[in-house]
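Colleague: If you want the building blocks of each chain, they are given just below.
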Amino acid sequence: MFNKETLDAVRLLLLFQADDHLIIGHRNSEWTGLGPILEEDIAFSSIAQDKIGHALGLYSILNENLGEADPDTLAFMRNETDFTSSHLVELPIGEYDFSLVRHLFFDLAAHIRFEDLATSAFDPVAKLARKVKGEIKYHVFHANTFIKQLGHGSEESKARLQSAINQNFGLALGMFESFEGEQLLIDQGIYKGEAAIREAWLGEVQAVLLEAGLKMPDASKVEPVLGGRKGFHTEYLQPLLDEMTEVFRVDPAAEW
Amino acid sequence: MYGGGYIHDDQKKKTDITAEDPALLAEFEARIARGEKIEPRDWMPAEYRRQLIRMIEQHAHSEIIGALPEGTWITRAPGFRRKLALMAKVQDEVGHAQLLYSAAETLGKSREDMINDLINGKSKYSNVFNYPSKTWADVAVIGFLIDAAAIVNQVANSKGSYGPYCRALERICYEESFHLKQGHSIFVYLATGTPTQRAMVQDALNRWWQPIMHFFGPSDKMSQHTETLMRWKVKMASNDDMRQQFLNMYVPKIREVGIVIPDPNLRKNPETNMWEFTEPDWNEFYEVIKGNGPCNAERLAVRRAAEDNGAWVRAALRKADQHYVTPLA
Ligand SMILES: [Fe+2]
Ligand SMILES: [Fe+2]
Chain D
1 MFNKETLDAV
11 RLLLLFQADD
21 HLIIGHRNSE
31 WTGLGPILEE
41 DIAFSSIAQD
51 KIGHALGLYS
61 ILNENLGEAD
71 PDTLAFMRNE
81 TDFTSSHLVE
91 LPIGEYDFSL
101 VRHLFFDLAA
111 HIRFEDLATS
121 AFDPVAKLAR
131 KVKGEIKYHV
141 FHANTFIKQL
151 GHGSEESKAR
161 LQSAINQNFG
171 LALGMFESFE
181 GEQLLIDQGI
191 YKGEAAIREA
201 WLGEVQAVLL
211 EAGLKMPDAS
221 KVEPVLGGRK
231 GFHTEYLQPL
241 LDEMTEVFRV
251 DPAAEW
Chain G
257 MYGGGYIHDD
267 QKKKTDITAE
277 DPALLAEFEA
287 RIARGEKIEP
297 RDWMPAEYRR
307 QLIRMIEQHA
317 HSEIIGALPE
327 GTWITRAPGF
337 RRKLALMAKV
347 QDEVGHAQLL
357 YSAAETLGKS
367 REDMINDLIN
377 GKSKYSNVFN
387 YPSKTWADVA
397 VIGFLIDAAA
407 IVNQVANSKG
417 SYGPYCRALE
427 RICYEESFHL
437 KQGHSIFVYL
447 ATGTPTQRAM
457 VQDALNRWWQ
467 PIMHFFGPSD
477 KMSQHTETLM
487 RWKVKMASND
497 DMRQQFLNMY
507 VPKIREVGIV
517 IPDPNLRKNP
527 ETNMWEFTEP
537 DWNEFYEVIK
547 GNGPCNAERL
557 AVRRAAEDNG
567 AWVRAALRKA
577 DQHYVTPLA
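Chains as they are written, first to last, in my numbering: chain D, 1 to 256; chain G, 257 to 585.
Some hints could be false.
Claimed, not checked - Listed next, with one range per pair, are the computed distances between beta-carbon atoms:
1. A302/G with L210/D: 38 to 44 Å
2. D8/D with D459/G: 30 to 36 Å
3. G449/G with D8/D: 49 to 55 Å
4. A344/G with M1/D: 34 to 40 Å
5. A159/D with E543/G: 43 to 49 Å
6. E199/D with A567/G: 53 to 59 Å
7. G227/D with Y430/G: 44 to 50 Å
8. A159/D with N504/G: 55 to 61 Å
9. V222/D with D459/G: 47 to 53 Å
10. I273/G with K131/D: 54 to 60 Å
11. A571/G with E243/D: 49 to 55 Å
12. Q183/D with G449/G: 46 to 52 Å
Said to hold, decoys possible - Each computed EDC-like pair below joins lysine to aspartate or glutamate, with the alpha-carbon atoms no more than 16 Å apart:
13. K575/G with E155/D
14. K489/G with E361/G
15. K192/D with E180/D
16. K127/D with E115/D
17. K390/G with E115/D
18. K137/D with E180/D
19. K415/G with E295/G
20. K390/G with E243/D
21. K575/G with E156/D
22. K230/D with E156/D
23. K4/D with E180/D
24. K270/G with E532/G
By construction, these hints were calculated from the structure, which means they are not laboratory data.
Note that the structure is predicted; figures quoted are calculated from it, not measured.
Where is the CB? At the ideal position from N, CA and C, for every residue including glycine.
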């Protein structure tokens, strides 16, 4: 059994990931009906469903194994400051270039995390990670394919992607904000920690961008946008939550 | 969803069947009478091709435009279960558009041309999507009753004569049954829920009943001649038959949960075994077709903006390489 400090750190790890997946799933679902081509409309919707599903899986572990409230309460009834999403996932969908670059940044990180968690010493997480990492592999494949095609597409598509990459690199680095108790997770084989995930991520992003003919920003010169894990958010999160909970709040006691 | 039973046809565009080669036409009609499917490379009268393109194209447009009124509720769906089900449902609808555009393309019109005709207002789509979805209960009414109406129509059409359309419809109908289930489930939860929820769903049905009655189009007595289309198995069931079938199946299901249908004259005549109802306002129906419905402008504007915003992506993908990889959604 793990001690209380360790479980508290697990709780943070799961909450960060659940919140990130819920919010990016919400954002990606906003492409439904509005994609640049029907195939992309469908792909973004499919990926969004998986993300929401993964968020549900993570909230369920928090609920069943760590004594937190049920998933609907966690997702639909918490205040903005209780959310721990990174700023990257909170931003509006913007144009397809931004959404695609965010999709690449996010999914490469998610893939590395879940690959690692699949061998976690914390069983419920390991089980979930083994179940979902195949889906994330497909998400990564989808992002890579489109980044490469548009990277080698027109002058415009290339320029758009490069500027989305440059502008949002600091936001992406914000996904790897360190947290209290992380070392306990590393020591006990539960998780390899944000710094290690970030290192692996930098390598994978670089490889994809190289193949796509795009330039990798110099990570040492970019300031990570932090604060999300501690409850400090962009101006976009509160309106998103208002929208997400609009129906639920009509009658919180009701069954929907 | 969403193939409306009613397919708008501009009579001025009709082509003359008497100009066709009589022997080929006779053989074509004999094949259809024997229950054979017509395939893309087979000979077909110009009017058959035109009618099918028009019908399949309008059906495809209805699927993508139909994704909009429900799509706006995905981000607001109450709880994980509803959210996931609605996302999957609307994704299916966009997938239906994809299937149907491909089926129509086999007749010689490109997807791009069809979408251009849609956003230029030249090509129509089902009227029901020109009404607003104001509350969560609208998601219930659309998913349950509009999908149900569409199923009646699509099941009939899946027995038609054009092979690619029939095969697309078979797959579509299979998915539609899940849509109806999710719509029905929300409907029942609201109808048997708190007073607020009941009021929401009653209000939604009150607003949607007329568009639903419009869905299959005007009475056969008022409609243009459809004998040729029926003989060619392009149109498979009459508007009245489909409406009767819909009422038979779904009026009891609405009443079963205590929701009142806003038509005091709606009843089944025990002698004729037919439903009697107040005629919906057909002027409004034609006005909406002309583009004057409550949401026509908004729906097309959204679609147009999506096309405009995506133009650089499509252009770049065409250039990217010759071996474009279709995503495996
Ligand atoms: Fe459909
Ligand atoms: Fe449907």
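Colleague: Holds or violated: are the alpha carbons of K575/G and E155/D at most 16 Å from each other?
Modeller: holds, 10 Å
Colleague: Quick one: are G227/D and Y430/G within 44 to 50 Å, going by C-beta?
Modeller: Cβ of G227/D to Cβ of Y430/G: about 48 Å, so the range 44 to 50 Å holds.
Colleague: Need the status of pair K270/G, E532/G: alpha-carbon distance at most 16 Å?
Modeller: Given that 16 Å is the threshold and the Cα spacing comes to 34 Å, the pair is violated.
Colleague: Hinted pair, alpha-carbon criterion (16 Å max): K230/D, E156/D. Please report holds or violated.
Modeller: Roughly 38 Å between the alpha carbons, so the hint for K230/D and E156/D is violated.
Colleague: Keeping to a limit of 16 Å between CA atoms, is the pair of K390/G and E243/D held or broken?
Modeller: holds, 14 Å
Colleague: Given the range 55 to 61 Å, decide if the beta-carbon distance of A159/D to N504/G lies inside it.
Modeller: Once the Cβ atoms are compared, 59 Å apart, the range 55 to 61 Å for N504/G and A159/D holds.
Colleague: Going straight from one Cα to the other, do K489/G and E361/G come out at no more than 16 Å?
Modeller: Status violated; Cα separation ~19 Å.
Colleague: Could you see if the CB distance from V222/D to D459/G stays within 47 to 53 Å?
Modeller: Given about 52 Å between the Cβ atoms, the range holds.
Colleague: So if I understand the rule, the pair passes when the alpha-carbon distance is 16 Å or less; does K575/G with E156/D pass?
Modeller: holds, 11 Å
Colleague: Next pair to validate is K127/D with E115/D; report whether the Cα-Cα distance is within 16 Å.
Modeller: Holds, at about 11 Å.
Colleague: Is the distance from the Cβ of I273/G to the Cβ of K131/D consistent with 54 to 60 Å?
Modeller: 59 Å Cβ-Cβ, so the 54 to 60 Å window holds.
Colleague: Lying within 38 to 44 Å: is that true of the beta-carbon distance A302/G to L210/D?
Modeller: For A302/G and L210/D the Cβ distance comes to about 54 Å; the hint is violated.
Hint compliance for this structure: hints 1, 2, 3, 6, 11, 14, 17, 18, 22, 24 are not met, and every other hint is.
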